[in-house]
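Novice: Letter by letter, the chains look like this.
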Amino acid sequence: MKKTVRLKMLKLHKLAVICLFAGICLSGCSKQADNQEKTSIRIGVSLYRGDDIFINNIRSELEREAKSYEQETGIKVNLDIQDAKGSQHIQNSQVERFISLGCDVLCINPVDRMDASSMIDQAMTAEVPVVFFNRQPVEEDMNRWDQLYYLGVDPKESGILQAGIVEKYYKENPEQLDLNGNGVISYVLLEGESSHQDALIRTEWSIQTLKDRGVPIEKITGGIANWERSQASALMEQWLKKYPGEIELVICNNDDMALGAIDAVKREGASGISVVGIDGVESGLEAVKEGTMIGTVSSNKEQYAKVMFSILSDKAMGRELDPELELENGKYYRCPQTVKEQE
Amino acid sequence: MKITKKKKELYFLILYEIILVLLFLASSTDLIIKERQNPVYQVSVIIGDSNDNDYVNFRKGMDQAALELNADVSFVSLYERNHEAQQMEMVLREQREGARAIVLDPVEAAQLDRLLERGQLEIPVILTGASMADHKAWGAVTTDYEKMGRMLGTEILNRHGTGQTVWLLEQGKGNWMNRQFEAGIQAVLSEAGCQAAYYNTGEDPDLASFFFTRKKQGEPDLVIACLDQESLLAAADRLAGSEPAWNHLAAGLYGRGTSVSLLNHLEQGQITGLCVTDDFTAGYVSVRTAVEAAAGEKKGKDTLLESWYIEREDLQDPAFEKMLYPIE
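Which chain is which? The protein sequence lines are A and B, in order.
Oh and the first sequence: position 123 is 123 in this note's numbering, straight run, nothing missing.
Add 1000 to a position in the second sequence, counting from 1, and you land on the number used in this note's numbering.
Be aware that one or more of the hints could be misleading.
[Said to hold, decoys possible] Short derived list, chain A residues pointing at chain B, Cβ under 10 Å:
| id | residue |
| --- | --- |
| 1 | S40 |
| 2 | E70 |
| 3 | T73 |
| 4 | D83 |
| 5 | I99 |
| 6 | L101 |
| 7 | G102 |
[To be verified] Dumping the calculated DSS-like pairs for lysine-lysine here, alpha-carbon to alpha-carbon at most 25 Å:
| id | chain 1 | residue 1 | chain 2 | residue 2 |
| --- | --- | --- | --- | --- |
| 8 | A | K168 | A | K289 |
| 9 | B | K1322 | B | K1147 |
| 10 | B | K1147 | A | K85 |
| 11 | A | K301 | A | K85 |
| 12 | A | K242 | A | K219 |
| 13 | A | K76 | B | K1322 |
| 14 | A | K156 | A | K306 |
| 15 | B | K1006 | B | K1060 |
| 16 | B | K1060 | A | K67 |
| 17 | A | K242 | A | K76 |
| 18 | B | K1136 | A | K85 |
| 19 | B | K1301 | B | K1060 |
Please keep in mind that the hints were generated in silico from the structure rather than gathered at the bench.
Since the structure is predicted, the reported quantities are computational estimates derived from the model, not experimental observations.
All residues carry an ideal CB built from backbone N, CA and C; glycine is no exception.
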């Protein structure tokens, strides 16, 4: 009697082990089948503001990358691009919606880099990887999960390269920058948002590098124009009225604000004022070509979008990232930058 | 029979437990109170262009409808602009990928009819920029372009009189919208005895040759009505170009469209008058119609949206400002 019970128990154990093994095999197979059968990927993209020129340039490049990926692989890319209109609340809702619609991966340009934790929470719960870009979430947030990535340019490098443009221009044409010939370049500064890490670092390194390299500069005034052309234009107009004939150089944290300053200079009929920007957006490069801007620091937007899409598509397909991709600490990518100056 | 205190307590406990179970069922399951079904309708919007530059307001309306009506909307542009076969391939791909309805701005609507005739397309299609009266689609959200053309023709006559030849410019082979628009303009001009001449930009997409020839022939006060957005933008770019002698070559440049570049040219004065539509509403209504179709409602009809003629000063009008630059 005892023997029969023991036999029965043994059979049951065997059956359980077989079932467990079969279960593991089947789940593995179905996962493999999932990957093999994936004919489309869905990427939720949330932009901090849809009217930012630099962000729009990146967006266009990303769309181009998605199309060429579709043509190369035959895998449909559903790029759901939404504008958060400068509201973190709206962006949080967009992330919630992306997840509910089954996005495979998220691509977020955060409105408030200090407030990314709620979006990260949602993504972690749903196990949806996130690629942040242009506005870097704080390190504590980035370190919370190994499926978080960040792409952007190195703001310190931007500042140093911008200073290099001014330095070179000053050495070649000192009279073009020092208009009154007093041996000092009087400048005004147009800065991006105070909460954006790039604005602070670009300013710091641009000014410090100019001083370190012996370019004689003196600040007249400065203001925050939130990366916007219209705000920069309004500020510059005020300064031109307040300091007539004094401003010799306008240092801007981005091209859009530089273009705003140029608008004001044209409107006020001022002449000889040099303007320098950062970003290398199309309109900025056009201004350099036309000679209204002395130069800009241009990030390679094609490369930016290429790397971003490569991470997004690999994550969406459940693949390992391209081993040739060099990521700092396994999650940060800094896009290369070059200088574009007047010829 | 007397119920003892102990039994009373037991009955009370059982009743209490039953109430608890009922409350749990009511709140956590849909056994008692059925949860309202809220299906998500997958809708694909396929345009004939390779980018969305001319669809900015349309997309805003589309996104608004998607949020309000719980639709999952995919916006699809082509790899190459105006590629008929590619567009039909996209239509079939979206069907394969699970779209329940398609909003289509057709490059050639007859191609769609062929797909529907062959039974290759089983989901409802809502046309924009074409009338369903001529096609087999489920519905259409469009504008009366013939009426729009008549409106423009009248404005041209009011400003320039009948003594001037009106040049009708078009890029490429054109489409239903262009033909309707042209018919409207021509009808008004011929009723008034005004002459019209047609020019297809063809090999002269930036219109250099057109303007050069007219200038050489001594026609300085050209009146131009463009049938499509592409030729209008090319003409406006040419007039805004670096050759000052050409800046005043046209006495009047007219057309239709709502893209930012066209509105900028209107503001800067290269374009004299523009026929505009409410693209935000068009996007919203298109997706709403697609959701209705996906939900199994009976076949729709043409939804005709209004159009307006505006000039530079109208851009300051709050009503047009809100319509042409919607913030949502």
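Novice: Indicate, hint by hint, whether the structure satisfies it.
Specialist: Hint check:
no.	hint	result
1	S40	holds (6 Å)
2	E70	holds (8 Å)
3	T73	violated (13 Å)
4	D83	holds (9 Å)
5	I99	violated (13 Å)
6	L101	holds (5 Å)
7	G102	holds (9 Å)
8	A:K168 with A:K289	holds (17 Å)
9	B:K1322 with B:K1147	holds (23 Å)
10	B:K1147 with A:K85	violated (37 Å)
11	A:K301 with A:K85	holds (22 Å)
12	A:K242 with A:K219	holds (14 Å)
13	A:K76 with B:K1322	violated (35 Å)
14	A:K156 with A:K306	holds (23 Å)
15	B:K1006 with B:K1060	violated (69 Å)
16	B:K1060 with A:K67	holds (22 Å)
17	A:K242 with A:K76	violated (56 Å)
18	B:K1136 with A:K85	violated (39 Å)
19	B:K1301 with B:K1060	holds (24 Å)
Violated hints, in rising order: 3, 5, 10, 13, 15, 17, 18; the structure is consistent with all others.
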